[in-house]
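Protein chains in written order, with my numbering: chain X, 881 to 961; chain F, 881 to 961; chain A, 12 to 151; chain V, 12 to 151.
Treat each hint with caution, since some may be false.
Claimed, not checked - Between beta-carbon pairs, the in silico distance windows are:
| # | chain 1 | residue 1 | chain 2 | residue 2 | range |
| --- | --- | --- | --- | --- | --- |
| 1 | A | Gly97 | X | Asp941 | 43 to 49 angstroms |
| 2 | V | Glu24 | F | Asn936 | 38 to 44 angstroms |
| 3 | F | Glu948 | A | Glu74 | 26 to 32 angstroms |
| 4 | V | Asp46 | F | Glu900 | 39 to 45 angstroms |
| 5 | V | Gly97 | X | Gly911 | 41 to 47 angstroms |
Stated by the list, open to error - List of simulated lysine-lysine pairs, DSS-like, C-alpha gap at most 25 angstroms:
| # | chain 1 | residue 1 | chain 2 | residue 2 |
| --- | --- | --- | --- | --- |
| 6 | A | Lys125 | V | Lys84 |
| 7 | A | Lys19 | V | Lys84 |
| 8 | A | Lys19 | V | Lys19 |
| 9 | V | Lys84 | A | Lys83 |
If you are wondering where the hints come from, they were derived from the structure by calculation, not from laboratory data.
Note that the Cβ used here is the ideal one computed from N, Cα and C, for glycine as well.
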Amino acid sequence: MKVRVLYFGIVRERLGVGSEVYELEDGATVGDFQCGLTVRLGNDNVGAGTVRVAVNREYVDSSYPLSENDEVAVIPPVSGG
Amino acid sequence: MKVRVLYFGIVRERLGVGSEVYELEDGATVGDFQCGLTVRLGNDNVGAGTVRVAVNREYVDSSYPLSENDEVAVIPPVSGG
Amino acid sequence: MFDVVDRKITLDEVSEAVAESGVGAIATFAGVTRDTNRGRRVLKLEYEAYPEMAVAQLEKIAEIARGKWEVKKIAVLHRIGEVPLGETSVAIAVSSAHRADALPACQFMIDELKHVAPIWKKEYFEGGEVWIGSLADCAH
Amino acid sequence: MFDVVDRKITLDEVSEAVAESGVGAIATFAGVTRDTNRGRRVLKLEYEAYPEMAVAQLEKIAEIARGKWEVKKIAVLHRIGEVPLGETSVAIAVSSAHRADALPACQFMIDELKHVAPIWKKEYFEGGEVWIGSLADCAH
């Protein structure tokens, strides 16, 4: 299945991209997506473990099952205000 | 001695005057001044007992000794804001 | 800035009065004249003050607030005379470096103002008028 | 009104957005960009947001606030893009009939916004730049 992924802040800068279409196996969870993200972010000190994931504009945990066309957002530590 | 007295709000309205010069015996306290005020306000429901008195822009209690030319203000229950 | 004025007041003017280098947070409070009070329809409101003492008392409250919170600047404007319904009767602004200080200090300012500032509100409603807070007010 | 905008914001516009009949109190909070942070001189600040989710999260926080306090209306504007030093990055206004509700609800809104709103601040200082709150930020 395909999901649309949005990157923000430090993650967007490190990956050099703000959004992309991401291919996952059917039945994949947010946790599966996060594993791939951690590999891509590698050893630099972005802290992939500290990012949260939102699906369709709601925070979800790693067990959340993804669906075709979901909007998946990678949310590094927020600092609004 | 003479003091200058200021009246506000409901007390000003009931007395029909905003300020006046008031003659008191030397050594008079705020309590002495209040006794005279209560008599003047009489039995109408202004609640002379609930007014506070300020001398030279500070709240004082009834034992406070008045001096010549003090600015004495009669402060009914406040309702600013 | 602590003042009693006979004109319209805005939040932007009090917040500008507390701006300075190092400010990271500004909290404000505005009291607004309500069209109803205790179930009665209000026609108009008038405020009266003992201005010199009101300013002195506000400075005193602000001094106490400075002892409790890390505050940069405090401004209070209270309007007197007739205040049309829905307009601002009092505006308070407090600035601080961090947000943990400005909001509680602003709350403290309005709570204390209501207790000690020599300012009085007269409410004109259908069928009467009353000085709010006075014993005469209890009769209604 | 909950919005993310790329322009100057004022307290008066958020306070006007929460005015309505029966309002007696309006509390506001403004976050202001500071010229120094943790001892370093800030040159400029840029904010980035995930606007649709930011608005959805602010609506959710406001719903929770309505359950806790007797609130009339809530408005939040967050600025994005470069915010010049000393200007407002976020403005919140909460209206209520009585003052006991508006101020704590306003505090709740800014506290929760800082925890969950998907908005990020990048600080440019002498000698570097950093996304505030990220692990990279710890290195400085």
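- prompt: Of the numbered hints stated previously, which ones are contradicted by the structure, given in increasing order?
  reply: The structure conflicts with hints 4, 9, although it agrees with all the remaining ones.
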